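Chemist: Read off the chains here:
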Amino acid sequence: MPSPHTHGHDVGERLFVHRHSVIHRLPAEVKTVAMVAFIFTVIMTPPNQFWAFALYAVILVGVAGLARIPARVILPRMLVEVPFVFFALLMPFFGTGPTVEVLGLSLSQAGLLAGWGILIKGTLGVVSSILLAATTPARDLLMGLERLKVPELLVQIASFMLRYTHVVSDEMHRMKLARESRGFTATGIRSWPIIAQSGGALFIRSYERGERVHLAMLSRGYTGRLPQLVTVTTTAADWFTAMSLPAVGLIIALTAIWAGR
Amino acid sequence: MTPSLRIAGLAFAYPDGYQALFGVNLEIAKGERVALLGPNGAGKTTLVLHMNGLLSGGVGTVEVAGLTVEKQNFPEIRRRVGVVFQDPDDQLFMPTVRDDVAFGPANMGLTGSDLAARVDEALEQVAMSEYADRPPHHLSFGQRRRVAVATVLAMHPEILVLDEPSSNLDPASRRELADILRGLDITLFMVTHDLPYALELCPRSVVLSEGVVVADGPTRDILLNDELMRANRLELPFGFDPRNVPA
Ligand SMILES: Nc1ncnc2c1ncn2[C@@H]1O[C@H](COP(=O)(O)OP(=O)(O)OP(=O)(O)O)[C@@H](O)[C@H]1O
Ligand SMILES: [Mg+2]
Numbered sequence: 001m002p003s004p005h006t007h008g009h010d011v012g013e014r015l016f017v018h019r020h021s022v023i024h025r026l027p028a029e030v031k032t033v034a035m036v037a038f039i040f041t042v043i044m045t046p047p048n049q050f051w052a053f054a055l056y057a058v059i060l061v062g063v064a065g066l067a068r069i070p071a072r073v074i075l076p077r078m079l080v081e082v083p084f085v086f087f088a089l090l091m092p093f094f095g096t097g098p099t100v101e102v103l104g105l106s107l108s109q110a111g112l113l114a115g116w117g118i119l120i121k122g123t124l125g126v127v128s129s130i131l132l133a134a135t136t137p138a139r140d141l142l143m144g145l146e147r148l149k150v151p152e153l154l155v156q157i158a159s160f161m162l163r164y165t166h167v168v169s170d171e172m173h174r175m176k177l178a179r180e181s182r183g184f185t186a187t188g189i190r191s192w193p194i195i196a197q198s199g200g201a202l203f204i205r206s207y208e209r210g211e212r213v214h215l216a217m218l219s220r221g222y223t224g225r226l227p228q229l230v231t232v233t234t235t236a237a238d239w240f241t242a243m244s245l246p247a248v249g250l251i252i253a254l255t256a257i258w259a260g261r
Numbered sequence: 001m002t003p004s005l006r007i008a009g010l011a012f013a014y015p016d017g018y019q020a021l022f023g024v025n026l027e028i029a030k031g032e033r034v035a036l037l038g039p040n041g042a043g044k045t046t047l048v049l050h051m052n053g054l055l056s057g058g059v060g061t062v063e064v065a066g067l068t069v070e071k072q073n074f075p076e077i078r079r080r081v082g083v084v085f086q087d088p089d090d091q092l093f094m095p096t097v098r099d100d101v102a103f104g105p106a107n108m109g110l111t112g113s114d115l116a117a118r119v120d121e122a123l124e125q126v127a128m129s130e131y132a133d134r135p136p137h138h139l140s141f142g143q144r145r146r147v148a149v150a151t152v153l154a155m156h157p158e159i160l161v162l163d164e165p166s167s168n169l170d171p172a173s174r175r176e177l178a179d180i181l182r183g184l185d186i187t188l189f190m191v192t193h194d195l196p197y198a199l200e201l202c203p204r205s206v207v208l209s210e211g212v213v214v215a216d217g218p219t220r221d222i223l224l225n226d227e228l229m230r231a232n233r234l235e236l237p238f239g240f241d242p243r244n245v246p247a
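Listed in order, the protein sequences are those of chains A and B. First residue of the first sequence? That's 1 in the numbering used here, and the numbers climb one at a time after it. First residue of the second sequence? That's 1 in the numbering used here, and the numbers climb one at a time after it.
So here's chain B without its partners, still in its complex pose:
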């Protein structure tokens, strides 16, 4: 089966000359849930921006379900890759939650009752239906994050990419989001600094450091590899022991 995501030899330098990625290789099978770990400045967001062609021009290739990320494929690529940005305020800009969730599918050409059904379904998935007519900027942070997830779910993506989904959430919102993400039947790629969250949601983790993949394996093994963890500035929260978490 074609993998949901295949990245081969991806290297990239920003226009100011700063090289952020040095040959990244990564393959994610359909339906897999993978966490991307790594210290600040490792190039995680840079990598995410390559997945739907928002950044390009380096060497190497990115393929989403067999389709190469390149200019003539952008409309289809952007349907297949749902990126949820770190700051929901960057993502939500329409006057109401409903309009915001409709934005993506409407760009794909959906109209009328098909569009309305998509919107309702996506809001249902993140348990935000009752907020459909509220302006996004009046919602709490956790609610906005959920709406941000809905805006991309509405496009029925092949792969859902989340940049630090648990940041700034209170423990209850964090758990609710985990429940929502676990309930989705979709390929998931999640950038996170929240290692327990990675362990909870993603059987597999990839560690990115200084623009290269330095580890790729079962999340539990990675979190238990002290040497690897220390070398990449990864630290478990105080008192957290992956061994105590049931598999």
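Next up, chain A with everything else stripped away, as it sits in the complex:
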């Protein structure tokens, strides 16, 4: 199996895993809508219907398989969830109502269920987002949002963040080289003031470079709207393919709600 490679190694594109698959080929806005809808069906599922979550997980594994995104790409990225896991783990200790004994600890039943709900729904949501990001270049996602008529200003802010992460990380790299080539090594607390100072300089430098980039964009006729360089034609078949995901999700969710009455 070929190892995942990225085209361009752009900072903003680090999450994208270049493959040729059905999922990669779907237009960004179609995937975005399908993912958000799928997450909604997961959220509306009552936490005590464990089988439903097992099915959701199987579906996501299926999507990952179709997109040929291996577990070793997905699992490390799930670490972003860790802070929420802490929160979920605390719930059983602070919940009210009837309790159960687990390993000599008295835990709230409602808290356990709520904690589990947060954990599993959060995890499924995170995995869905990871899959979207791994199969859609960040720039396409932004253009997709534009096509979905998300307010232009929001899309603009997001796209500038994307571009400036690049500017800033470049600048950071150059300053690091400049520091180190003059004999600086970051050792211990005594180097902190220097790092802090370069942090300030980094801000100014990135800001000024950002401004020069902006001037260069204006010179080429930029009017506040990034041109759509590729004309994407979204077909009914694309929507049909993508929406089959939340459709199945909805069936599961409704069945779970009905079963849990």
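Derived by calculation from the structure, the hints in this document are not laboratory data. Given the structure is predicted, the values throughout are model-derived calculations rather than measurements. Just so you know, even glycine gets a beta-carbon here, dropped at the ideal spot from N, CA and C. Treat the hints with care, since some could be wrong.
Claimed, not checked - Sample of chain A residues with no beta-carbon within 12 Å of chain B, all distances over it, derived:
#1 Asn48
#2 Val61
#3 Ala67
#4 Ala110
#5 Trp116
#6 Met217
#7 Ala259
Claimed, not checked - Derived contacts from chain A toward chain B, CB cut-off under 10 Å, selection only:
#8 Glu101
#9 Leu105
#10 Leu215
#11 Gly221
#12 Tyr222
Given chain A's structure and the hints, the job is docking chain B with the ligands onto it.
Modeler: Just chain B with the ligands, lined up with the frame of chain A:
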């Protein structure tokens, strides 16, 4: 025939109060190649930024092929004036060379195969076609400068303005860029500290000093005018004699 560029009585002070230009007058005919010489801080970049309205608010007028540089004309002005900035990293910001070259013409409303043709043509002109799908920040400095030139050529400008095009290029890249620029059928305005380069490419030179034009004439005459050269901190490289360069 209307000149490609006409600047009349242009004076400008930066918002912090520093006056950089004191009444600049300049006219460049269509198809001319003109070098702008002058010491550091003379106001050369400031002047360039006025040509497409990136700086404004002083007195005087700038016209490009008869069209006044003012807010309601900006889209057309920016199509007509192609500015290549000193640092190609400021100019190139899209994920691939192709997208970057397409940025300008796409802003002008070109799409589909027209857009693709423009991009191919511009990359062809600077001999960078085979790099179309590479990310710009992975190219060498000289290659990035060439792509930067392509990004504005793709807009089919009336006048190409270059801010220190030969800086940081190795001798071979410098010569290749000269060949490319000489081959273009376009009005050229080039800011440079590289006097042999000015002599090689531009029959006419303008010297800017402390915000005013102090000389305007054949490049060879200017480079041979010792008094003028010394007064404006212009120095020929060691061993270079314009007299030995065939006209
Ligand atoms: N943003 C600014 N605010 C205030 N003063 C500025 C600004 N940019 C430039 N200046 C000043 O205006 C004068 C002209 O600057 P300019 O950049 O046009 O010079 P230049 O001829 O391009 O010099 P160089 O050969 O070094 O590129 C300089 O004295 C400079 O300090
Ligand atoms: Mg300058």
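Chemist: Each hint: holds or not?
Modeler: Verification of the hints:
Residue-level check passed: Asn48(A) sits 46 Å from the nearest beta carbon of chain B, beyond 12 Å. With a least beta-carbon separation of about 31 Å from chain B, Val61(A) lies farther than 12 Å from that chain, consistent with its non-interface assignment. Here Ala67(A) stays apart from chain B, with its beta-carbon at least about 21 Å from theirs, past the 12 Å limit. For Ala110(A), the condition that its CB be more than 12 Å from all CB atoms of chain B holds, with the nearest at approximately 49 Å.
With a least beta-carbon separation of about 41 Å from chain B, Trp116(A) lies farther than 12 Å from that chain, consistent with its non-interface assignment. Not every CB of chain B is more than 12 Å from the CB of Met217(A) (nearest about 7 Å), against its label as outside the interface. Non-interface call for Ala259(A) relative to chain B: holds, since the shortest CB-CB distance, roughly 48 Å, exceeds 12 Å. Interface hint status for Glu101(A): violated, as the beta-carbon distance to the closest one in chain B is roughly 57 Å, over 10 Å.
At a threshold of 10 Å, the smallest CB-CB gap from Leu105(A) to chain B is about 52 Å, leaving the interface hint violated. With 10 Å as the threshold, the beta carbon of Leu215(A) comes within range of chain B, its nearest partner Cβ sitting at about 5 Å, so the hint holds. Interface hint status for Gly221(A): upheld, as the beta-carbon distance to the closest one in chain B is roughly 4 Å, under 10 Å. Interface hint status for Tyr222(A): upheld, as the beta-carbon distance to the closest one in chain B is roughly 6 Å, under 10 Å.
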